[in-house]
Amino acid sequence: MRRASTLALMLSALILAFSMARAQQRLAGLLPIDALVASSHDFGLPGWAPRPLEPVGNRTTAAKIELGRHLFYDTRLSGDGSMSCASCHRQARAFTDGRPTSAGVTGQMTPRNAMSLANVAYFPVLTWGNPLMKHLEQQALVPLIGQEPVELGLAGRESELVDRLRAEPVYARLFPQAFPEAGGEISLATVVRALAAFQRSLISLRSPYDRYRYEGDADALSESAIRGEALFFSERLECHHCHNGINFADTVLHERNKAGEVAFHNTGLYNIDGKGGYPAPNIGIAEITGRPTDMGRFRAPSLRNVAVTAPYMHDGSIPTLDQVIDHYAAGGVASRRGRMPASAAPIRSKARSCPASR
Amino acid sequence: MHFARAGVFWLAAACTVAPAMAAATQPVEIRFDARIGGEPARCGRTYAGIGTAKAGLSFQDIRLYVSAVRLIDARGREVAVTLIPDDQWQNDQVTLLDFEDRTGNCNGNAAMNVAVRGTVPAGQYRGLVFEIGVPRAINHQDPTLADAPLNVTGMTWPWRIGYKFTGIDMETSGGAAGPTAVSGFSIHLGSTACGDGPPMAAPKLACANPNRPTYRLAGFDPAKSVVVLDIAELLAGTDITVNAPKSASGCMSFPGDGDCAAIFDRLGLAWEGKASAGQRWVRAD
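Protein chains in written order, with numbering that gives the first Met the number 0: chain A, 0 to 357; chain B, 0 to 284.
To be clear, the hints were calculated from the coordinates, so they are not data collected in a lab.
All figures in this text were calculated on a predicted structure; none of them were measured in a lab.
Where a beta carbon is used, it is the ideal one built from N, C-alpha and C, also for glycine.
A portion of the hints provided could be inaccurate.
Cross-link-like lysine-lysine pairs, in silico, DSS-like; alpha carbons within 30 Å at most [unchecked claim]:
1. B:223 to B:273
2. B:273 to B:245
3. B:53 to A:257
4. B:53 to B:245
5. B:273 to B:53
6. A:274 to B:53
7. B:273 to A:257
Here are a few chain B residues that face chain A, going by a calculated C-beta distance under 8 Å [said to hold, decoys possible]:
8. 28
9. 142
10. 204
11. 209
12. 213
13. 224
14. 253
15. 276
16. 277
In silico negatives: residues of chain B with every beta carbon more than 10 Å from chain A [said to hold, decoys possible]:
17. 31
18. 73
19. 92
20. 193
21. 227
22. 254
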């Protein structure tokens, strides 16, 4: 008995040493995703634009971006080879898909509208309704291996994914260039890190408005657009409270604002119970935080490239920009159906001050 | 100088004491089985008469994490089981029980794991306490770098940033809903209402709904007993052929999901502020 237990202890010590060695080996290759620092990659930013932040554990390099670009468009990244990241994030639509909500490989629908990836590097929280979703490396796992709903359908099938990528000659070159520290390892860890690096490079700046506002080009905007700017930033319409800064969004993070700003709003789109209720499963960040006051609170999207990202709102329920403006002009279309919660106050206050809403 | 010398002495003493301590421990294996009533719950089989609709059932996945395993000694004291990490099924804090073998319609892999393996101080034990769940300290991490058994993509919960404590996925048939019946039903238990915190690290505050049920089995003799997880009992108060409207398929711990009320009650967990009447699905055989 005594000998058996000594043997068991020695065995367990051996196994422990082995597993610790493995863990250290992995850490030597790839770092965990944690602290953020200003990127030193040359994104070709105009002088007035701040550099985005990126995890110390996944510094941006041209080789990683190039690998990520291949992976982003590769249908090997779905269970049945039918879809890629680009299926729901098409460049021509500012990396959205033109649908209210999107179907995954099993036909199951996502509950929310595919978000634009333009300037996603400047967002400290990434999605419509999850305050915990802070890193693109983490976010990439949601479509890849998420099961509620199934999107790309790779849960439990990552070894199949690795085999498929190994069989493609271009990756024999791209993975070692992107991840020399990990010996060019093809794994879920390197795939999500490369996808994140590519997405951070999707920078949309120097629009006509930027040239007008930041670069002194007085002719870049039409007279009516300049009148629109005045309305947009007025206290009468108040659009700028939620849509400001480099991304026209009040959620922002970059080298000049390292603390970051995070905001989620209930804009009065629904009020199903007279108490500000939103229809499940899109109940805003209340789904994650469990706080009743978070009912219906979603992150304001960036307005960059917004003309090509229809349909609008978290559930894609508003087809055109004109109708979005009507929604806000009404102080939230659901605002007059019963009492709205205090969390919808920004819209309610505007409804009071805006004659068009009466 | 004085302290340093004392430290060396202490280390030397510890080294000579170690073999004696080793002799005072014994290996222990705590065996589990997933069942449907009296039958083993396995892939590639069908079961009938499940839940309030007496529906048909087959599995696509049956995996779950257990942790905080303790034995109860003759004097009624809880003694922690020191897990033996094996780089596949368990680390020093959590064990993955795996009842799927990828036959039939199951996802996963051929290998199964039906036991927790560890050591305890030598002695006689007569009871068992354990939790279902991944401990908070390791539930929020980068899953792409995690070591086994937290590197199983089928058990990660990327949207919640954590792990599914139970990955029980089923196909259903029959029931009163007839041809319009839903064909899938899952039980995904996990922590919800977790406040903001550092990315991919344990949240500063405990989740409002940790959803880690604790089970205490008296009369459990590790040499003879098996912990039975009876999924038929877990589903006994639920119509698995319908899905509560506007909710994930089955019960995925989402607050407001009507499919969770009876299942949480039988898991032994409070649901929407209502305390459980007591767990109904775990027993010692």
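Here's how the hints hold up against the structure:
For the hint pairing residue 223 (chain B) with residue 273 (chain B), the CA-to-CA distance comes to about 36 Å; that exceeds 30 Å, so the pair is violated. Only pairs whose Cα atoms come within 30 Å are accepted, and residue 273 (chain B) paired with residue 245 (chain B) is accepted, the gap being roughly 22 Å. Between residue 53 (chain B) and residue 257 (chain A) the alpha-carbon distance is near 57 Å, which puts this suggested pair outside the 30 Å criterion. For the proposed pair residue 53 (chain B) and residue 245 (chain B), the alpha carbon gap of about 24 Å is at most 30 Å, so the pair holds.
A threshold of 30 Å between alpha carbons decides the hint, and for residue 273 (chain B) with residue 53 (chain B) the separation of about 26 Å falls inside it, so the pair holds. Distance check on the hinted pair: residue 274 (chain A) and residue 53 (chain B) sit about 38 Å apart at the alpha-carbon level, beyond 30 Å; violated. The suggested pairing of residue 273 (chain B) with residue 257 (chain A) is violated, with an alpha-carbon distance near 42 Å, which exceeds 30 Å. Given the 8 Å rule on beta carbons, the hint for residue 28 (chain B) is violated: about 11 Å separates it from the nearest Cβ of chain A.
Of the supplied interface hints, the one on residue 142 (chain B) holds, with its beta-carbon coming within about 7 Å of a beta-carbon of chain A, less than 8 Å. Because the closest C-beta pair between residue 204 (chain B) and chain A is about 11 Å apart, greater than 8 Å, the hint is violated. For residue 209 (chain B), the shortest C-beta to C-beta distance to chain A is roughly 12 Å, which exceeds 8 Å, and the interface hint is violated. Interface restraint check: residue 213 (chain B) against chain A, minimum CB-CB distance 21 Å, threshold 8 Å, status violated.
Hint on residue 224 (chain B) is violated. Least Cβ distance to chain A is approximately 21 Å, over the 8 Å limit. About 7 Å separates the beta-carbon of residue 253 (chain B) from the nearest beta-carbon of chain A, less than 8 Å, and the hint is met. Taking 8 Å as the C-beta contact cut-off toward chain A, the hint placing residue 276 (chain B) at the interface is violated, the least distance being around 23 Å. With a cut of 8 Å, the hint placing residue 277 (chain B) at the interface with chain A is violated, because the nearest CB-to-CB distance is about 24 Å.
Chain A leaves residue 31 (chain B) outside its interface by the beta-carbon criterion, the shortest separation being 20 Å against a cut-off of 10 Å. At roughly 18 Å from the closest C-beta of chain A, the C-beta of residue 73 (chain B) stays outside 10 Å, upholding its exclusion from the interface. Taking the minimum C-beta to C-beta distance to chain A, about 12 Å, the non-interface status of residue 92 (chain B) holds against the 10 Å cut. For residue 193 (chain B), the requirement that its beta carbon stay farther than 10 Å from each beta carbon of chain A is not met, with the minimum near 7 Å.
Every beta carbon of chain A lies more than 10 Å from that of residue 227 (chain B), the smallest distance being close to 26 Å; the non-interface claim holds. Once the 10 Å rule is applied to beta carbons, residue 254 (chain B) is inconsistent with being away from chain A; the minimum gap is 6 Å.
Checked against the numbered hints given earlier, this structure breaks hints 1, 3, 6, 7, 8, 10, 11, 12, 13, 15, 16, 20 and 22; the rest are met.
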